[in-house]
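6 protein chains.
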Amino acid sequence: MILRYDRIGMEIPPPSDPDPAGAAAVQELMGGRFGEMSTFMNYTFQSFNFRGRQGARPFYDLVANIAAEEFGHVELVATAINTMLTGASAESNGTVRSPLVTKNPLEGVKGVGNPQHFIAAGQGALPQDSNGRPWNGDYVFASGDLVEDLTHNFFLETGARNNKLKVYEMVDHPAARALTGYLLVRGGVHQIAYARALENLTGADLMKLFPTPRIPTDKIPECRPHIDRGDHLRLYRFSPGDYQELAAVFNGPHPETGEELVVIEEAPEGVPPRDLPPQPAVFAPDYAPEEVAEIAKKLRQAAGLPKEPTGLVADLKAQTKRSTKKATARSRS
Amino acid sequence: MILRYDRIGMEIPPPSDPDPAGAAAVQELMGGRFGEMSTFMNYTFQSFNFRGRQGARPFYDLVANIAAEEFGHVELVATAINTMLTGASAESNGTVRSPLVTKNPLEGVKGVGNPQHFIAAGQGALPQDSNGRPWNGDYVFASGDLVEDLTHNFFLETGARNNKLKVYEMVDHPAARALTGYLLVRGGVHQIAYARALENLTGADLMKLFPTPRIPTDKIPECRPHIDRGDHLRLYRFSPGDYQELAAVFNGPHPETGEELVVIEEAPEGVPPRDLPPQPAVFAPDYAPEEVAEIAKKLRQAAGLPKEPTGLVADLKAQTKRSTKKATARSRS
Amino acid sequence: MILRYDRIGMEIPPPSDPDPAGAAAVQELMGGRFGEMSTFMNYTFQSFNFRGRQGARPFYDLVANIAAEEFGHVELVATAINTMLTGASAESNGTVRSPLVTKNPLEGVKGVGNPQHFIAAGQGALPQDSNGRPWNGDYVFASGDLVEDLTHNFFLETGARNNKLKVYEMVDHPAARALTGYLLVRGGVHQIAYARALENLTGADLMKLFPTPRIPTDKIPECRPHIDRGDHLRLYRFSPGDYQELAAVFNGPHPETGEELVVIEEAPEGVPPRDLPPQPAVFAPDYAPEEVAEIAKKLRQAAGLPKEPTGLVADLKAQTKRSTKKATARSRS
Amino acid sequence: MILRYDRIGMEIPPPSDPDPAGAAAVQELMGGRFGEMSTFMNYTFQSFNFRGRQGARPFYDLVANIAAEEFGHVELVATAINTMLTGASAESNGTVRSPLVTKNPLEGVKGVGNPQHFIAAGQGALPQDSNGRPWNGDYVFASGDLVEDLTHNFFLETGARNNKLKVYEMVDHPAARALTGYLLVRGGVHQIAYARALENLTGADLMKLFPTPRIPTDKIPECRPHIDRGDHLRLYRFSPGDYQELAAVFNGPHPETGEELVVIEEAPEGVPPRDLPPQPAVFAPDYAPEEVAEIAKKLRQAAGLPKEPTGLVADLKAQTKRSTKKATARSRS
Amino acid sequence: MILRYDRIGMEIPPPSDPDPAGAAAVQELMGGRFGEMSTFMNYTFQSFNFRGRQGARPFYDLVANIAAEEFGHVELVATAINTMLTGASAESNGTVRSPLVTKNPLEGVKGVGNPQHFIAAGQGALPQDSNGRPWNGDYVFASGDLVEDLTHNFFLETGARNNKLKVYEMVDHPAARALTGYLLVRGGVHQIAYARALENLTGADLMKLFPTPRIPTDKIPECRPHIDRGDHLRLYRFSPGDYQELAAVFNGPHPETGEELVVIEEAPEGVPPRDLPPQPAVFAPDYAPEEVAEIAKKLRQAAGLPKEPTGLVADLKAQTKRSTKKATARSRS
Amino acid sequence: MILRYDRIGMEIPPPSDPDPAGAAAVQELMGGRFGEMSTFMNYTFQSFNFRGRQGARPFYDLVANIAAEEFGHVELVATAINTMLTGASAESNGTVRSPLVTKNPLEGVKGVGNPQHFIAAGQGALPQDSNGRPWNGDYVFASGDLVEDLTHNFFLETGARNNKLKVYEMVDHPAARALTGYLLVRGGVHQIAYARALENLTGADLMKLFPTPRIPTDKIPECRPHIDRGDHLRLYRFSPGDYQELAAVFNGPHPETGEELVVIEEAPEGVPPRDLPPQPAVFAPDYAPEEVAEIAKKLRQAAGLPKEPTGLVADLKAQTKRSTKKATARSRS
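Residue numbers (our numbering), protein chains in the order written: chain P, 1 to 333; chain H, 1 to 333; chain D, 1 to 333; chain V, 1 to 333; chain S, 1 to 333; chain E, 1 to 333.
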């Protein structure tokens, strides 16, 4: 089971110029064969189906725990896409709303990007790839054979790194760049984790394959803050009390820098998400969102809850001061 | 983001007679249009894409929180399928193993059930439906329009209830029965939650649609323990500290029994999963799992971890005494 | 636009021994690449998209009119499947119902046929093929080029004839046999119609390709009544007043028998459908259908309608005396 | 079975400036999950598979009859798309034709809209959605459980309304606007019909959910003529003699206006379709359509048909004076 | 089995201005329903599954041999797409490379063409159609019935000709034009071959259907060189020693020109492919390809191979002087 | 381009007891994600799209050449499936044929195996997996990045080995066993080849991963003859004159046995295929195949070909004496 906490893994910049074509490309990192839905679902199914897990506990813990982090990556990709789509429909003004005032508020996006971002969704992320094809279960590999599953996972992370680099090269919207910079660093950690697991099981030295594709992550500006904080060395334990044996596998030197790999015994704090503004032209969350707010306020009061919404959200327009802290906690020390 | 804890929502009986044909049918509850991957992914995407969430906080909290519970339902369906598949391949004996001793250890499942349970997976669950077709992103509806999304969710839970009842009628393996009994109760709670949300927003009285399909849950023996414990009335908060406003929506009388609905401010404790035994014929987790165990032990020791695996698992063969406790905690009281 | 009349094209025998495995095979004639959904949708889209139709009126009329007949073929395939599935779930008795009395009323169909006939549908037909894969729009060819579309249609009817013959050979349930016997005769007429159209446009003599596959239809017992009635020679006009130019294309000798082809200027009368009985185990149309009937009766009366249902249905259990009449009307004579 | 009559439900404006990008977006209303193929096929399969229909006759009649109207909606969407695509390829002139004169007559649409409109089709509609993905049978829900099927249908119409509104906002081509204006009004009637059916069966008051999405239809200019004519109140009976019991369900006040709902005991007259001009660059209906016309003329004469085509078509260039008449017939009065 | 020789069937012009939108359209000829993967795989499966092939040897030889030629057509489509994509990413310079120098080397293709050409592939062809949907096995028809399979193949070649003509009209990039010019000529030969086979088996005169679509190939400039060389009359035998009986079917006059059809008893010589340049921005074949070259050189030497690469490639920039020779060899004479 | 020669890579035993359920399982090795269509198409696309191939010639030659061998593996899987399906329909006798004599010749396979083997195909192989889902282009990975593509290929061969082992365990029909025994040996060679390529490029020692799954191939009886012949050590060059640089990569010791790897400079001779008998019940190749033979004979004579079919086929019923010879040729020596 999971507990969910309403923080995202890193700060995605606030909405700026909308970029629907860019958002359509970023969908590859969501629902493509190597997107975050794939990493999340692959490791999740492998952990659900893991047989003889006591005997192979360090490996089970590794896969199950990385699965948990991947949920947060799916969340981040969605956040970036939603940010990039904000403002792409013509805005309403005052109390009268589209499509009545602005007769064709979606005219600007006809033929641009993924039409279903607007027609099927409310200017929001979809479980699709960059060609608008839905993610599907064929992308999951869970053979149950530990060595094979780990080999797959190493390859999956390699393909994911490839796709992230290319989306980085294609889309320079600040949200896309922040996203890919972060995912490249975290994906690199997972690539290493699976390589180490395979090395421990078979002796094969996959560390020599790093980096693939051959662009050192630290040459990419948007990766730097995360590297400076040490996030390229850390595996976080995303559990209140389980998955204790990560350090049995995730240890030794980083294949590119030689620095020591570290298990952090708690999940990253993250940052509050921004409350992205309604887009009345697509009825998200409603054509007249203030009426929903009115109802919500009454319900809250009737239930004895505070007058104001209890959820914490980041400032919509300004950069958040501090993202995730520069953790110093060390594993097993 | 999520924290994962290594407990499952309820006890699934230990492996008994394998039932590969039944397991193939139960896949509908995993990867079918109305399976648990659909409920999980629908609510997850709706929460990721929720715009103006502060204004609609009780509704956001509701959707985001139920999403978290659904992860656990996907996990339970996988557990049931894995249990039903355990033992379906001929077992190895001593140190020499299949396919060398038993020349055709999978002969017994040729033409039975979903062949990919054995060929693609290691006698494990797949993200597929009962016809062996993969789950896909077309099953996700996230329009961003709150009333529509809730209408969808109500319908989705209705379809899911239908499918669970029919799988119950088709498969009498103890694992399938325990699974469906539990999911029917919990799905009923979610059906009510979405009906209440719609009622609060629009005044429409969907409570009169209960139950659909029209079989009272309390007439089904495998539902009884959960009803006796009060689980048909409870919405659990699956978060360390967020989603505080559930009670603003989830309240009032149960549409069938008239009892008061309750928000439980913490997630269910759950029970430890069973460590399902290796199936060497399908190389899960390996053809010679004891060698993996040997490596794991050394890694554990080198990392300063205890000699024995740290993960908690239930007794493989015996029924667990107590499943989830009979909670008495009340919401906001 | 269409008008619908509540008759089916021929009599399908009443429910007898259920045959879920046979019903799964018959699905190929519904949602397979060469199934009736394909013939219906191909000709429908070709007619919708037909450019310059005044100049090519006889051809437009031909395609548009055959499309209309194909709707009735989809209906017949559904009727046959529904008939074959009737009784496949354990029946309820008295007032207490499944799954409460019969604890597992679908046990008998676990691992038999298409599981979604029972789980997704209410023992009813699905838009799927014999492998449980959904029909999809890729099966539609509508190039707009008249000669190509006709070439396609000829090939489509050829493939459809192949599939019908094989389903005939595989499934001997009376409903399947009656269905395929009829469809073979009518499909043959459409094959001829498209061959004639091509001959008229290009001079190519496709009549020499008959029959493909090379089994004379009149050797198949279930085809005989339709041939005896002359249905292998007739193209019906399925319209109150349009599609007047069929006879410009559909004329000349039948390629196998030499008899004269005939256009019948009205649609076949058909026979009333049977009202297939509820299957409460799958909640079709309800777990307690008599309560629905009670409501319906009241609504009928409140609306000033007769006390008894107005719809005409055939006797559920007995063979209908006469199916479609032996028409003598001749085209343009 | 059906009879087809060669009229369309309303006038679609004549071809003007082609809009291939707009046509690609309108495809969502054709082959998307909530497109007209979905409404048509859902209600059609539900009616084919309806068990115990005599007992539930008013509901059977309702579903079967709305299915018939939906065929006409598929036809209208195709008509709008075909209209929007007319002229998108460079025109030929005189007797020598593309690609010989204009060397690249499709150059203008490279990278614009759905390439298969030109490559696979003859500038015509496809059974695809706005991302070029084919419609598929997974979009059909036919559980056989009456209450569930009606709940689905209500949700389906809600999603369809959402998609129509957004396509309206995105595409301002006159054909698209006329189409969506009409479909919004008719879809609204179906939404009400299903809500009424559910209310009659369960007492649930779904009328309070209107409108969803919350834009009153009468604020949309292109909806006005249809509302003025009363089409927002009328359910037409699309049958020569069947489906007599519509009025048992479809009655009472309109949820938004309070006006009385009406059953019209005959199908709308409709308007003749335009005969959209050949597009020789894509060989529709031929590279040299006048030769086809020559052949057709001879065939017509040989069959004793009038010299001129018998089919009625609207003026290609001018607006039709009167579309469907302002009916006054009342149901059961 | 096959032997592969590293020549392509005709010269594709060297890379010039990149055309990613055009390359996306050309994909229809690769992975569309009528693309070269379809012709290749259809004939290949038909030949694999051919029963009673000794009795039907001339037909078996025909299908099996044309399958072999189609492999080369898939290769040519890939070559054209790869040529058109060359240069579409910003180039690196010197030793420092993208994305470090040019920060967003793929910016120019955001929203243009098929994004997976860049994200999933290394600016290379994909097994997809022009809408980015993958080719799939449903496109294969292999009924085993010889007359039906040949009817299908004739229709398939007809549809393929249609698609090639339209891609010709849409994309005027030199590589696309050279490709389609050649494929139109060769496809025409296959169309004739299947028509002749059907004529021999049944007497049906399909020659009268030529050409469909009705544009004489010899009016298309890019077809001329191939016609001048006689390639519209020739069926090559793609085998060292098998498929001897082609001439039993492929003979008689060409349906359009009346010239005699010819079997050439050896495969075309072809031309060496160009070695398309690395595209470091997409890491094809590497971010620093010269390092790969260094490794390759050492491996070559260690294996006793010549210092320079042994493979023959055409000049990258200049037109090849002579493509395939003007063969004079005649079949069986 | 390719030359095709009408030999198969090894002997598949003659038809014996039909095994349609087994044939359905073997389809996983044809059209599954890790089936032979995947290996063939992956390496083929990678070779087509290979940029900078002169610089990386040994690697290009390796991938291009293994692609050619994989065509033969697709052929072998088809041969095995066709063999297993032979005789599964009731046989005709004398001159009168099914379905006229044997009224339901396919009755025995209703509900057994893949229904489309009989309905869509002529008891022949399909491009589908073991669940009857078509192979699709999403299974192709061709990133253009050499190291990634090789990593993928290594993983693909690993997954393929897993699937072959399980099909071996599930299906003991002699044709399936002979097939899997051979493919395991040849797949092992390819696994080694890609591991060696990666080692040469990066230094990573993947040889330590062998074997995965961990069953030594030489313990499997059906692998023995191929190992005895030395086929586990040999990479054949499938080209008349190209792909000369295989030995630059494929060399060194076998990871399991330590024996020296060898490049054989010519393709294996193979064995003639059996001419599997007609199955008139499914019209393959015809309902009356002797009439086709009569026509073929006349055509052959008219073309001046020998009276008897020229193609070489193996004895249908008896084992072939010698399969592929025990080659002694050594690479570069």
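A portion of the hints provided could be inaccurate.
As the list makes no split between identical chains, a pair holds if one copy fits it or if it spans any two.
[As the list claims (entries may be wrong)] Below, in silico cross-link-like pairs of lysine to aspartate or glutamate (EDC-like), each with a Cα-Cα straight-line distance of 16 Å or less:
hint, residue 1, residue 2
1, K298, E308
2, K103, E91
3, K307, E265
4, K298, D17
5, K103, E222
Because the hints were derived from the structure by calculation, they are not lab data.
Here the structure is a predicted model, which is why all the values come from computation and not from measurement.
Failing hints, ascending?
-> 3 and 4
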